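Just so you know, the protein sequences line up as chains U and C, in that order. With the working numbering as the guide, the letters of the first sequence map in order to residues 80 to 427. With the working numbering as the guide, the letters of the second sequence map in order to residues 232 to 505.
Among the hints, erroneous ones may be present.
[Said to hold, decoys possible] Incomplete in silico selection of chain C near chain U, CB under 7 Å: (1) Thr303; (2) Ala307; (3) Phe334; (4) Gly338.
Quick caveat, the hints were computed from the structure, so don't treat them as lab data. Just so it is clear, the structure is predicted and the values come from calculations on it, not from any experiment. C-beta atoms are modelled at their ideal positions from N, C-alpha and C, and glycine is treated no differently.
Letter by letter, the chains look like this.
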Amino acid sequence: MSTTTVSPPVPGTATPATVAPTRRLVGLLVAALLTGTALLATWALTLGDYPIGLAGAARAVVGAGPQADLLVIQQWRLPRVLAALLAGAAFAAAGALLQSLLRNPLASPDVIGINMGATVAAVASIVLGVPGLFVPGGALLGAVAAALLLAVLGWRGGIGADRLVLIGIAVQAGLYAMKTFLLLRWPDDVVQQAVMWTIGTLYNRTWSEVAVAAGALAVLLPAALLLLRALGVLDLGDDLATGLGLRVRLTRAGILAVAVAFAAVAVALAGPLPFVALAVPFLARLIAGPLSPATLLLAVVLGAALLLAADVVAQHALPTALPAGVVTASVGAPLFFWLLWRHHRREA
Amino acid sequence: MTELTGRDLTLAYDGRVVVDGVDVDLPTGRFTVIVGPNACGKSTLLRGLVRLLAPTRGAVLLDGTDISRVPTREVARRIGLLPQSPAVPAGLTVEALVRRGRFPHQGLLRGWTRADQEAVDRALDRAGIVALRSREVDELSGGQRQRAWIALTLAQETPLLLLDEPTTYLDIRHQFDVLDLVAGLVHEGRTAVAVLHDLNQACRYADQLVVMRAGRVVAAGPPAGVLTADLVTDVFDLPCDLIPDPVTGTPLVVPHDRRPQRRPVPEPAGTSTH
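Isolated chain U (complex conformation) (with noise of 0.2 Å):
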C-alpha cells in the first residue's frame, strides 16, 4: 500500500496530476514529432563530405539531378536515414510490449538477452567470415533463438512474467561470455568489423535490408495494434483474464512472438543499439499513460526520431564519425537515469 495521502476529491474538478492527458493531445504531440522528423530527415540528406543542398537533396530523392548527387543521395544518405527510422520506430515497439507484457519497465530486448542473441551470431558470422551480405540475416536468426532459448527456459507452466526476466538476464550474460569469447579467439583485424557491429551502427546500409524491415514492419505493426486489447486484459492478471474469456498462454506467445520479431527486425537493420527500447517505451508512458493505441503510436514516432538523431549527431557534430550506438548509449543513459529519478519522486 502507498504510504501517501490523498486528499479527498472535490466534485467537479479533475485533479490535474492524476488525469491522463487525452487522446488529441498525444495526437498532436504524435503529429509534431512526424513534421519535426520529417525536416530532420530531409536536413540529414544535406549534411555530409559532398555538399547538397535541400532542393538538390529533394530532386535526387525522386530521381532528378545530376548523376552524383543521385548516387549519393539515393545509394548512401537516404538508406541510412530510413533503416535509422525504422530501426527506431521497431525497437520501440519491441521494448513498449516487452514491458507491458512482463510488467516490467526494465523488460526490454537489450535486458533479456534478445540482442545479444543478435550479436552473437553476428559476431560469429563475421570471424567466420560469411559474406556481409548475410549477416543481418544472420542476427535476425540469432535474435529469434534467444527468445526461444528464453520461452523453453520460461515455460514451465506457462510462461510467468517474474520469470521471463530473470531468465532473460541470465540467458545475456551466458551469451555476452560467448561474444566475448569469439572476440578474443579470433585475430584483431577480423574482429574490428565485429566490434563495430556489436555497438550498432547504420552505416552502409543498403536498400534490400531497408525494404525486408519496412515490409516486416508493415505487417508488425497492425498485429501489435490488434493484439493490444487482448494485452489490456493480460495485464489484469491470468485469473481474471481467463475469466474475461482471454486464451492466456496462446496470447502471452503471440504477443511475445510479435515484440521478439519487432526486436530481431531492428537489430538485424541496426545492431544492437542500446537504450532505445528500454527507455522510449517508458518515456511514451509518462506522456501518455499506460500501453493504449496512442501510447504504442506515440513510442513508435518517438524511437524514429530519436535514433535518426542520435545518428546525425553521431555522423556530424563530433569531431569524428562515430557508430550511432555510442551516441544511444551516452544518451539514453543518462536520460533513463533521469526518468527514473522524476517516476520516483512523483510517486514518493
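Assemble the complex: chain U is given as a structure, and chain C must be docked to it using the hints.
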C-alpha cells in the same frame, strides 16, 4: 437461464487433491455462499467451477454441457468472475478498467459500440462509482477499488457472477456495501456465488449455504435449515451456540468463552455507576 453445476468434481494441485468428489448445484436467481475453515478447498472449488482449474475427475456442467468443451469466450459471456485480489495495472483509470469487462463481447476487429458504452455506464452506475470514472484505480481506497472490480464484472453482463472472498481486506461498512450490492443483483434475477469467511454475514445474505471441510461438502441448503451449533463446532473446531440474528432472524454464531479464567478486576474507588 444459465445453470452451473459440479458433478463428482475433483480438483488437485500438483497431484495433491484439494477438492474431492464434490457435487454442487448453484440454483439460478439465488445467492449461494461457500463457507468453511481455511484450506478446506472453497476457493479451489470456485476456481474449478469457472474453469481456472481443470478437474482430475468429474466435471463442471454449464447448461448441461461440460464447461471444458464450451469456448472460453462463450463461458465469459455467461459467467463473470471476480478473483481474490486481482492485479492493479499502474495508471489505469476506473473507466478504462471497466471497459475491459466488455472483452468477451468484442471481436478482434470490431470497434467500441454504443452497446459497450451503455453496459459500462450501467455497470459504473450500479456499482455506485460514476463519480470515480476518471480516477486512477491504484489511488482508490480499498472499498472503492473493490467496487471498480465489481463494475468490471458487471460490464461483462453475465447471468452468473462468481466472487472469491469479495469482502476480504474491507472494513465492516464496505463489507456490507459489497454484500448489499450482490444481494441487489440477485434480487434482479442474477445468480451469485461467493466464498465468504464471516459465517454471520453468510447466513444473513445466502439463499443457499455450502459448508465445506477438508475438500468435501458437508452440508448444503438454506442457512437456517443447515447451520447448527454442532455443525459449526465440528467443522470449524469451535464450540459455539447459535442464536437468531436480532435483525434478520438468521443464525448468528456465538463462540463459547475459552479465555483463561480471569481474576475479578477490582473496581476503582469513586467510579461506580448508578
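To see whether the hints hold, each was checked on the structure:
no.	hint	result
1	Thr303	holds (5 Å)
2	Ala307	holds (3 Å)
3	Phe334	holds (5 Å)
4	Gly338	violated (10 Å)
Comparing the model with each earlier hint shows a violation of hint 4 alone; every other hint is respected.
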